[in-house]
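The residues making up each chain are set out below.
Protein chains: 2
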Amino acid sequence: MAEAKYDVLGIGNAIFDVLVQADEGFLAAHGMAKGGMALIDEARAESIYRDMGPATEMSGGSAANTIVGIANLGARAAYVGKVRDDQIGRLYTHDIRAAGVAFETKPAADGPATGCSYILVTPDGERTMNTYLGAAQELMPADIDAAQIAASAIVYLEGYLWDPASAKEAFVKASKIAHDAGRQVALTLSDAFCVGRYRGEFLDLMRGGTVDLVFANEAELGSLYETADFDAALKQLRNDTKLGVVTRSEKGCVVASKEGVVAVPAFPVSKIVDTTGAGDLFAAGFLFGLVRGAGHEAAGRLGALAAAEVIQHIGARPQTSLKELAQENGLPV
Amino acid sequence: MAEAKYDVLGIGNAIFDVLVQADEGFLAAHGMAKGGMALIDEARAESIYRDMGPATEMSGGSAANTIVGIANLGARAAYVGKVRDDQIGRLYTHDIRAAGVAFETKPAADGPATGCSYILVTPDGERTMNTYLGAAQELMPADIDAAQIAASAIVYLEGYLWDPASAKEAFVKASKIAHDAGRQVALTLSDAFCVGRYRGEFLDLMRGGTVDLVFANEAELGSLYETADFDAALKQLRNDTKLGVVTRSEKGCVVASKEGVVAVPAFPVSKIVDTTGAGDLFAAGFLFGLVRGAGHEAAGRLGALAAAEVIQHIGARPQTSLKELAQENGLPV
Numbered sequence: 001m002a003e004a005k006y007d008v009l010g011i012g013n014a015i016f017d018v019l020v021q022a023d024e025g026f027l028a029a030h031g032m033a034k035g036g037m038a039l040i041d042e043a044r045a046e047s048i049y050r051d052m053g054p055a056t057e058m059s060g061g062s063a064a065n066t067i068v069g070i071a072n073l074g075a076r077a078a079y080v081g082k083v084r085d086d087q088i089g090r091l092y093t094h095d096i097r098a099a100g101v102a103f104e105t106k107p108a109a110d111g112p113a114t115g116c117s118y119i120l121v122t123p124d125g126e127r128t129m130n131t132y133l134g135a136a137q138e139l140m141p142a143d144i145d146a147a148q149i150a151a152s153a154i155v156y157l158e159g160y161l162w163d164p165a166s167a168k169e170a171f172v173k174a175s176k177i178a179h180d181a182g183r184q185v186a187l188t189l190s191d192a193f194c195v196g197r198y199r200g201e202f203l204d205l206m207r208g209g210t211v212d213l214v215f216a217n218e219a220e221l222g223s224l225y226e227t228a229d230f231d232a233a234l235k236q237l238r239n240d241t242k243l244g245v246v247t248r249s250e251k252g253c254v255v256a257s258k259e260g261v262v263a264v265p266a267f268p269v270s271k272i273v274d275t276t277g278a279g280d281l282f283a284a285g286f287l288f289g290l291v292r293g294a295g296h297e298a299a300g301r302l303g304a305l306a307a308a309e310v311i312q313h314i315g316a317r318p319q320t321s322l323k324e325l326a327q328e329n330g331l332p333v
Numbered sequence: 001m002a003e004a005k006y007d008v009l010g011i012g013n014a015i016f017d018v019l020v021q022a023d024e025g026f027l028a029a030h031g032m033a034k035g036g037m038a039l040i041d042e043a044r045a046e047s048i049y050r051d052m053g054p055a056t057e058m059s060g061g062s063a064a065n066t067i068v069g070i071a072n073l074g075a076r077a078a079y080v081g082k083v084r085d086d087q088i089g090r091l092y093t094h095d096i097r098a099a100g101v102a103f104e105t106k107p108a109a110d111g112p113a114t115g116c117s118y119i120l121v122t123p124d125g126e127r128t129m130n131t132y133l134g135a136a137q138e139l140m141p142a143d144i145d146a147a148q149i150a151a152s153a154i155v156y157l158e159g160y161l162w163d164p165a166s167a168k169e170a171f172v173k174a175s176k177i178a179h180d181a182g183r184q185v186a187l188t189l190s191d192a193f194c195v196g197r198y199r200g201e202f203l204d205l206m207r208g209g210t211v212d213l214v215f216a217n218e219a220e221l222g223s224l225y226e227t228a229d230f231d232a233a234l235k236q237l238r239n240d241t242k243l244g245v246v247t248r249s250e251k252g253c254v255v256a257s258k259e260g261v262v263a264v265p266a267f268p269v270s271k272i273v274d275t276t277g278a279g280d281l282f283a284a285g286f287l288f289g290l291v292r293g294a295g296h297e298a299a300g301r302l303g304a305l306a307a308a309e310v311i312q313h314i315g316a317r318p319q320t321s322l323k324e325l326a327q328e329n330g331l332p333v
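Chains B and C supply the protein sequences, listed in that same order.
So in my numbering, spot 66 of the first sequence is number 66, and the numbers just go up one at a time.
So in my numbering, spot 258 of the second sequence is number 258, and the numbers just go up one at a time.
Next up, chain B with everything else stripped away, as it sits in the complex (with noise of 0.2 Å):
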């Protein structure tokens, strides 16, 4: 197996975030769902954006936001995922790029603009999505760079990227070349909602060996398993995957594998003001440990720790540097 070029890859949905704060009579009076992400078309986000306050725009995109947390954690990181030649694309492309992060994936010269996806934080700091995935749709599997793909250790992609009709056939394309290339693959189930739609294939892809690891939080877990028992879950999810990472906000994570389970606590934070990314830098930070050979109770840690950062500010980028907070720490980086 010839040495990795990038640690990490990530492939995603590319979305940019309009996040606005708003009451819970916001998200009942639009019917929303809160703490999921909805998709919707572009009367829907015509008609929420119209009611929306004022906004803070940054770039956005799950898989793309743990791919920036490994990039500024140190690590190697790529990503693939359609914009538009459009401004807001534009902004995108700049974002990735200045984090660090090798992004080659040729922009949608036509159809849909770049996806937005309208954010509201309510004041508890939990986020509510609203989804226009715009030319994330147009991600194809000629998007799938095979020798990069082949480079790159770890493989990691999104459930959301069951949403779009062709990028699941980018995803399963690049599963296949990173497995005979002896590479890792590993998928976040996304969100609640998105394991719903997609149960049964998110179990194929785990039983069938499609990928080896599988972040969930609590809410996806238990989508999953169509079960309200944590204990319960847990255990089929060893059945069903070799290393399994489960979120439970304040309560810290757990890291299941064949070998046994290790609960890890979550990082004291002073207010959150915005969950928005928790999950995805969660997952930068685990990946990064894993890639550093660090151990899963280390890996879970360094998991923490990116989240509480991301979650004490508005956004789901870091805005400090996580390789520095990890090191006042004693964090392996």
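Don't read these hints as lab results, they were simulated from the structure.
Errors might be hidden in some of the hints.
[As the list claims (entries may be wrong)] Within a straight-line C-alpha distance of at most 20 Å, the following computed SDA-like cross-link-like pairs (lysine to any residue) qualify:
no.	chain 1	residue 1	chain 2	residue 2
1	B	323	C	21
2	C	176	C	193
3	B	271	C	271
4	B	271	C	270
[To be verified] Stretch-level coverage of chain B by chain C, calculated; a stretch enters the list once three of its residues show a Cβ under 8 Å from a Cβ in chain C:
no.	stretch
5	57 to 65
6	117 to 127
7	310 to 322
[What the hints assert, rightly or not] Far from chain B, some chain C residues (derived; all Cβ distances over 12 Å):
no.	residue
8	5
9	50
10	104
11	327
The model shown is predicted, which means the values in this text are computed figures rather than measured ones.
In this text, a Cβ means the ideal position worked out from N, Cα and C, and glycines have one as well.
Position chain C relative to chain B; hints supplied.
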């Protein structure tokens, strides 16, 4: 004089802010004057942006920030400024309208893109701005709606309007309409370098009565009268304008009128994150106090309060309800 429909109408360069954290070395390497606003052309914009780190974007523009703050405090506010009909122009239009501001300036259908400012925020919280005016250069006297100006109790203009060639004609036209309707005209000197470019013209505006109220910070005041002697400069300011308000960062502000000088302390802040918008929001609080008939000292305290809110987070628009903040601090709203 008919009752005003708007308490304050602002006219300014409509600018979208691209904010990034940077160290002093970045400023030095790019020949930037820390704390100032430099005008840049498209080539330099591209060169700075290429070297910049990952950014957060949000609507800005000096007078626009002020007007949003005034609306946030609960007054009736309107804005005149030029964007293009592009993606960023649509974000801009959304944000200012969503803040409760009447904004009806027709966007440019061709020509340069919506203006952007690349704002470098150093670890001490100071901001250094590099502004590509873009579509803001297309603001014309024809964009001034005489009825709307005449229906506004205070017309607020930014010195930055002197940069685009035709905007100053719009400025002078608006001032004449306002005065003919018995309204007040306020000016912010905007930036010490801007004052350096237009010193003589700004003094003419003040001495000739085109403006009634002038906002400046210490650096702008020093630049206007080409002196480092604050008291001497303040004395000249009192001669040259009916009402002068000078902000002095952590030293608070000084309100100078023919009757005398009132000093108002700054509002305590726990941590300065980003000073972008500090002067703009000070003006918002002060003008709001004026339209509510609060007296100079209370107006100064409202200004200090609004400035304190905006420097404790990234970006130049308020992230909390200034009205509630003022109420909690026993200030008149």
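These are the hints, each one checked on the structure:
no. : hint            : verdict
1   : 323(B) x 21(C)  : holds, 16 Å
2   : 176(C) x 193(C) : violated, 26 Å
3   : 271(B) x 271(C) : holds, 15 Å
4   : 271(B) x 270(C) : holds, 15 Å
5   : 57 to 65        : holds (count 3)
6   : 117 to 127      : violated (count 0)
7   : 310 to 322      : holds (count 5)
8   : 5               : holds, 22 Å
9   : 50              : violated, 8 Å
10  : 104             : holds, 16 Å
11  : 327             : holds, 17 Å
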